[in-house]
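Top to bottom, those sequences are chains F and Y.
Following numbering that gives the first Met the number 0, the numbering of the first sequence begins with 0 at its first residue and continues without gaps.
Following numbering that gives the first Met the number 0, the numbering of the second sequence begins with 0 at its first residue and continues without gaps.
Bear in mind the hints are in silico, worked out from the structure with no lab data behind them.
Even glycine gets a Cβ: it sits at the ideal position worked out from N, Cα and C.
A few of these clues could be false.
Said to hold, decoys possible - Which stretches of chain F does chain Y cover? Using the computed rule of at least three CB atoms under 8 Å from a CB of chain Y, they are:
#1 107-117
#2 209-223
#3 234-243
#4 409-416
#5 421-429
Unchecked claim - A few chain Y residues that face chain F, going by a derived Cβ cut-off under 8 Å, partial list only:
#6 T40
#7 S45
#8 Q58
#9 S194
#10 P196
#11 S248
#12 V251
#13 L283
#14 N395
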Amino acid sequence: MVTKKLALGLKAGAVALAVSVATAALAKDVTISVWAGGSTQADSYRTEAIEIAADILEREAKIQGEELNITVEGKLFNDGWDNFKQAVTLAGESGTAPNIIVTSHADIAPWSQAGLIRPIEDYIDQDAWPVNQVYDNLIEIASYNGQLWGMPQDAESRPFFFWRPHMKAIGYSDADIDALPEKVKNGEYTLYNVIEDAKKIQDKGLVEKGKGFSPRVSNGPDYWQFYQSFGGQLKDTQTGQLIFDKQAMTDMYQFFVDAAEMGVTSKTHLGADWNQWYSEVANGKAATWHGGTWHYKRYTGKEGLDDFFGNIQFTLIPSGNDKGRANTITHPLVYLVSNTGTDDDAAIAAQLIAIASEPRLNSLHAIKSAHLGIGSEQANVDLYANDQWATEATERLLVNANAMPNHTEFGQYWQIMYKGLESAWTGQKSVADAVSGVESELASALGDNIQIR
Amino acid sequence: MRQRIGLLGLGFMTPALVMVLVFFLIPVVMTAVFGFTNMGTATGISGGEYLLTPKIVKQLEIRGEFDKQSLTALSSNRYQVTEAGLAKAASDGLKSAYIQGLRDSLLGREYSSKRDFERALKKIKDRPRKVRALKKSAEYFSQSILNRRYLTDHEFKTALAATGVQLSATEFDQVLSASYTGWIWTTDNFTNMFSKPDTWVVAFNTLVYVLLVLAFNIGFGLFLALTTFYLPSGQSAFFRAVWLLPRISPPVLYVLLWKWLTWDTGFISTVLGWFGVPAFNYMLGSVGSAWAVVVLINGFVGASLGMILFSSAIQAIPKSILYASEVDGANRWQQVRYIILPQLRWPILFTTSYTTLSLLTSFEYILLSTEGGPGNTTNVWALEAYFTALNNYAGNLKYGYGAAMALVLVTLGVLVSLLYLRLFKFDELVARPKIEN
Chain F
0 MVTKKLALGL
10 KAGAVALAVS
20 VATAALAKDV
30 TISVWAGGST
40 QADSYRTEAI
50 EIAADILERE
60 AKIQGEELNI
70 TVEGKLFNDG
80 WDNFKQAVTL
90 AGESGTAPNI
100 IVTSHADIAP
110 WSQAGLIRPI
120 EDYIDQDAWP
130 VNQVYDNLIE
140 IASYNGQLWG
150 MPQDAESRPF
160 FFWRPHMKAI
170 GYSDADIDAL
180 PEKVKNGEYT
190 LYNVIEDAKK
200 IQDKGLVEKG
210 KGFSPRVSNG
220 PDYWQFYQSF
230 GGQLKDTQTG
240 QLIFDKQAMT
250 DMYQFFVDAA
260 EMGVTSKTHL
270 GADWNQWYSE
280 VANGKAATWH
290 GGTWHYKRYT
300 GKEGLDDFFG
310 NIQFTLIPSG
320 NDKGRANTIT
330 HPLVYLVSNT
340 GTDDDAAIAA
350 QLIAIASEPR
360 LNSLHAIKSA
370 HLGIGSEQAN
380 VDLYANDQWA
390 TEATERLLVN
400 ANAMPNHTEF
410 GQYWQIMYKG
420 LESAWTGQKS
430 VADAVSGVES
440 ELASALGDNI
450 QIR
Chain Y
0 MRQRIGLLGL
10 GFMTPALVMV
20 LVFFLIPVVM
30 TAVFGFTNMG
40 TATGISGGEY
50 LLTPKIVKQL
60 EIRGEFDKQS
70 LTALSSNRYQ
80 VTEAGLAKAA
90 SDGLKSAYIQ
100 GLRDSLLGRE
110 YSSKRDFERA
120 LKKIKDRPRK
130 VRALKKSAEY
140 FSQSILNRRY
150 LTDHEFKTAL
160 AATGVQLSAT
170 EFDQVLSASY
180 TGWIWTTDNF
190 TNMFSKPDTW
200 VVAFNTLVYV
210 LLVLAFNIGF
220 GLFLALTTFY
230 LPSGQSAFFR
240 AVWLLPRISP
250 PVLYVLLWKW
260 LTWDTGFIST
270 VLGWFGVPAF
280 NYMLGSVGSA
290 WAVVVLINGF
300 VGASLGMILF
310 SSAIQAIPKS
320 ILYASEVDGA
330 NRWQQVRYII
340 LPQLRWPILF
350 TTSYTTLSLL
360 TSFEYILLST
370 EGGPGNTTNV
380 WALEAYFTAL
390 NNYAGNLKYG
400 YGAAMALVLV
410 TLGVLVSLLY
420 LRLFKFDELV
430 ARPKIEN
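Bound conformation, chain Y alone (with noise of 0.2 Å):
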């Protein structure tokens, strides 16, 4: 019979740990693995390949371990008609009368370069009369591995000593490893993080929007509370539904109106423009109107939970306490000081800790507006994170550091979350009624 229930639990339980591990989880933990590695645009996710390029071999000439001779060789992108690559070519199908003419007119012969290689081919009076069929038949006579893909390390190392060229064992490794297409495991991204001034201004900025943000949502929302709790309920419901707005409209809409409102243009301008003040652009104008415009388009939208929660606790407490007091001579004041705000002690705490950790990971609201400007002043971590790995103007992502910096994010949202818990007591919050023990 226990176990029945037991199992009842478990699916009751099973969607909800799936959810977890779906959209929580396994987030996590790729954003850790991509955090210690160099994926990049360049390297792609999906593994590398291994590809010897002239730029390769330039940066091996630079750091000067090599063998001048050898690189040389190696640099080279040479084409002569073998009887190997005629025996090749013939076995893969090309027409005889083709391979005839090849041997007939260029065998043994030596080009220096595709190019020239290629003119020669188009001489030929069987030729093949497509152009990538063409020069799909010179690869039969390349003697170079230069710019040519190897899916793997195998196939890349047998080409390599194919080519003929006497390389030692550290110099074949070098060229294998700098010949890799792919990303690799490292932890470049943490020490460069940490030793870049840039990061500390933006955890600065990510700090002071936090702060700032919280305060406004956490205060405007107590005073939507408070103020609307005395009001008569037609009214009152009417002003909850009116502070709302913000938190359900689109968040593009949103950000438009804003834009609407202060850009220079805009109708905070027009208005003051009636009054002689020069027109202004107070998105972006200056850096402290930037930081005032992004606080309030966050703040307004935040607010309205707390003021949800505020309002349906204060609706909670027993009106006949209220009434006493009013009995004892209490202004409004007083019942808010020694009444109210002891009973919204929970949800005041629930609304700090929860939105401090939304707002660590917000920039939704910061990227449709200011995108971080004028120039990176308003740029917080989640948002530079989101530029780092997807989205900037060179179109260099960075996948691995991006991550990277979203793994500094989920720590410190668990570290966060910890510390709120030991700090509100949610063991006492949770525990047993003492009454029914």
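The following block holds chain F by itself, in its conformation from the complex (with noise of 0.2 Å):
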């Protein structure tokens, strides 16, 4: 009796054993690490996106019979692009890289040359649902030799803005103002007429001396939109080669200089605090500026200011001369694939993407941080199409707009352009030295990969 008990024991204990081994067979526990730079709480849904599509994987692999246990840690870097960029990379020589990366589209070409990324193409269908309904543009900016190596995370735009109140103390009805972006666009509103306005602004009063014009206080995208205004080109589409246009170069720096000679802006303005930027901006303290289309989140936010339509207009970056045209720059951030880990664990990371990139969960990501969406259906989403914001910078903005090159050399010649800037604004140099500056090291440092004009 007893050893009858313990042989039907010793059974009932092996196949528990059997069944535990072979769900430890199929159950597979995967950890995705998603790193996102110059994200606030506001852009939350970048890794939570992720999140939820860990789900809905993990969901579909059970159909399937698979147990997928999948854990993502998300991590938001608000402290710089400068600082999140040196965490990658050296991360990424470390070997210890997040499987998820969220940055500029601009790394894409040394990331990959590098080979700290992986194109994502090898791991997703994109002739299936959700990428094919993703925008063509922002797949060619995700783009680099003719493969996709990442997943466009959002899109947004950098419009010039205007204080109402100020324009109409100085003479413009309500209607001019409203007509305002058709005339910038058709480059009838020059960067020129800009600075006399706000010169008039600042003149009456209604703004402090330096503030009639504010521009970004760091570098960023948004300079190159100013060297577009006066003709400059980025990227020769046919040689592949970066373009340095010596006279849309000096006609941009000469533009500031002017801006700063005038006391529009002032000549240290390049370094100023951001926070107090964001403050004086959204609160009438300025009476032009240029930002991002986020920026909206943060007027109406944290700095307070309830109709932001009544005390806002917003335009496309003027044309700064008949060589000109008026433009914005759009810099999608992009979802990358890293060289961490396993292939098994980039086609899962791949695949989270693809599901992030869903209308409905990007929608969340594009409502909460006020950036623009990713694809066509997003128009079909409640939450995005009832959104004013986003409908209107979509429209006026993001159908106009134009990426930064994606070239191995692009973010040397982006610093050089930039300190350039700096050093002519500051009144360390003349323009013209300035730019002469910037065409030497141009050439000794970039030599076959730009073409001086």
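Assembly of the complex is requested from the two constituent chains, each provided in isolation within its own frame, with the hints serving as guidance.
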């Protein structure tokens, strides 16, 4: 009797063991880390969308009879792009980069050469939902060397802003201000008109000296817009080389020098404090400025601006002269899959990215952070379609936007351009000296990679 | 007996030698090695692979030395189902039904893009049902080396030869060297550095920074040491403790206090505002005030070192000499001029040389306060090297160039040390006392 019970017990134990071994063989535990650069709490869906996607992918796997346990470790970096890129690059060099990186599309070129990232096109079906409804131009921005390296995470654009009450005070009617976006687009209202009006507003005592025109206080894609306003081009599509247009760069530097000399901005404006800048532009302490579409969130949130549309008009960046055009740059962030982990890990990371790009999930990010959507189907998502800022900004700005080129040497060109601008703006060098300094530095540092015109 | 003492001495020295090796020699040697490379974000540090991309093909085309036809052949991304590919796929364990399906419907067909080929694969019934597996199976039929990474030059050469593209020996080598993704040895960093006008601006800034802060450190340290010397001991201890605060407070906090003091919403502007002076950002509002703030921030930190050294040196002067001078009717100034300062020669020389060297390489307080601004006007050499190599907005980290800049600093540091040693007659300082000879 006892032996029979023992035998039964042993059998039951063996079965239980076999079952647990079998499930253990099927169960797969994966940890996917996500680092998002330039992200405040408003951008939390950059990582949270991956968490939601993980839940969906686990359910899909379960239906197919696999047990998949994904742990997503998300981290938002709001300590400046410089520190974020330093962290990612050095982590990548030591083989500990996060599985998914949310960063500028401009990083694709150098990071792909370094082998820090894997092309996402190797892991996802571009003909399938939701990738097939992502805007073509954004797909192109996320591509390099004919390969799709990342998925666009959001889109944005960088408009010019006017404080309506101040514009009215110098004689513009509401109708005039409403017509401004069209006039800017047609090149009838230029950057020099901007600083003339800024001066008028300043002279009337509506804003303090140096606050008539309040540009971005640090380096950013924004300054390339002004280069384009004066006719500059960034890349030769035929040869793939970057372009340095001396005349356009001279005119652009000259514009900021002129603005500083007129007193509508200060010679030492670059390097000013961001928090202070935000509080000024969102409260009528600056007359004209330029920023990003996501600033909407900050102005109406932290800075307490109640009536955005009643107080602020936004347009493309006006043209500077007849050679240039009104323009805006979109600087989409992209989800990239790093070289960390196995190929299977990368495949899971890529699938999570694809799911996170679904219109409904992406709209959560777009509306929470005041960014623009990445796909055409977002117009059919209530949350997105009924948001005034998202739709107006998409119609007025995004359709006219271009992006910076993906090129391994672009980062260096960018730094050299900005240093030249700083030296001319602060008066350390004359505009001509600054431009020729940039030219000689570009020639020696970039060689064949740049065309000097 | 003697030898045992020698070993004992060596034993005592070992930790120091290890420290010197690990914390000084190796970093310097590494800096020197990095300085002669073009290492950066795109090349990586750990070496490279071989990768032929459309961008490289275009660059070769611009050089104009290549046959157009071979370039076109190189830049094609062709797929074709061949028996060889099928055999390889079969030996790697792909399902035989899938291989049969490929043979039946696609054998011999050519596709000019990966995407088209994958679309064709998706029509096969027994295909792998996972995206990644399907895409991997496509690679057996690639007829191109475009956008594929090869770990060694041998693998790359073999693959390049296998494409059947006709290249001359020189063309072959050019493709090989252009396709290398890693870093190479070069002296360009130094030629670029010295031909660039901005280098001299930063060098001049560094000179200004070192001289002004040095003068402030020594002058103010001396002033504090002298004034506290003549105070009653309790009071002097208090003042010395107060002036040590900048040195012992965490740099981030210390600079934050300076920001509260100097920003246009800060203490100075608020107080001056009561007298009708408009608010002004003293840290970044003008080049002059930015420099003043940079010098003061660093100066107050450094002054404490001088203060302590000078104070102890003054304390070491026999009091009898001072008493005697008072009997002779010397006033305070005469005591300082004729008794104290001559005795402080060595501490002053030591502080000067030590401070010069540490200032040459220091940038942390500038980084925390002005970040080299406004508009790059307070940027110094060490800070520029840091930005270049490790930290900038575009994420374009140039380890090689930054290391070359650091190497210049190391060289300069060694030269200045030698100069100081000679100038201050270090030999005499450490010579055996003559009296005991």
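Task: Verdict on chain Y covering the region 234-243 of chain F, criterion of 3 CB contacts below 8 Å - done: It holds, with 3 qualifying residues against the three required.
Task: Check of the region 209-223 of chain F against chain Y for coverage (Cβ-Cβ below 8 Å, three residues minimum) - done: holds (count 3)
Open item on the list: Interface hint check: Y/S45, Cβ to nearest Cβ on chain F, cutoff 8 Å. Holds or violated?
Closed with: With Cβ-Cβ at 7 Å, under 8 Å, it holds.
Task: chain F contact restraint for Y/N395 - C-beta distance below 8 Å - done: With Cβ-Cβ at 3 Å, under 8 Å, it holds.
Open item on the list: When I compare C-beta atoms, does the region 107-117 of chain F have three or more residues closer than 8 Å to chain Y?
Closed with: The restraint on the region 107-117 of chain F holds, since 7 of its residues have a Cβ under 8 Å from chain Y and three suffice.
Open item on the list: Less than 8 Å between beta-carbons is the criterion; does Y/L283 satisfy it with respect to chain F?
Closed with: This hint holds: Y/L283 lies near chain F, its Cβ roughly 5 Å from the closest one there, short of 8 Å.
Task: Stated coverage of the region 421-429 of chain F by chain Y [criterion: 3+ residues, CB within 8 Å] - done: With 5 residues closer than 8 Å to chain Y, the region 421-429 of chain F meets the three-residue bar; holds.
TODO: Let me know if the C-beta of Y/S248 comes in closer than 8 Å to any C-beta of chain F, holds or violated.
DONE: 22 Å, violated
TODO: Report holds or violated for the interface hint on Y/V251, using the least CB-CB distance to chain F and a cut-off of 8 Å.
DONE: At 13 Å from the nearest chain F Cβ, Y/V251 fails the 8 Å test, so the hint is violated.
TODO: Grab the minimum C-beta distance from Y/T40 to chain F and call the hint holds if it beats 8 Å, violated otherwise.
DONE: Holds - the Cβ of Y/T40 comes within 8 Å of chain F, reaching about 4 Å at its closest.
Task: Closest C-beta approach of Y/Q58 to chain F relative to 8 Å, hint status - done: Holds - the Cβ of Y/Q58 comes within 8 Å of chain F, reaching about 6 Å at its closest.
- [ ] Test coverage of the region 409-416 of chain F by chain Y using CB-CB distances below 8 Å; three residues minimum.
- [x] holds (count 5)
In terms of the numbered hints stated before, the structure departs from hints 11 and 12, listed from lowest to highest.
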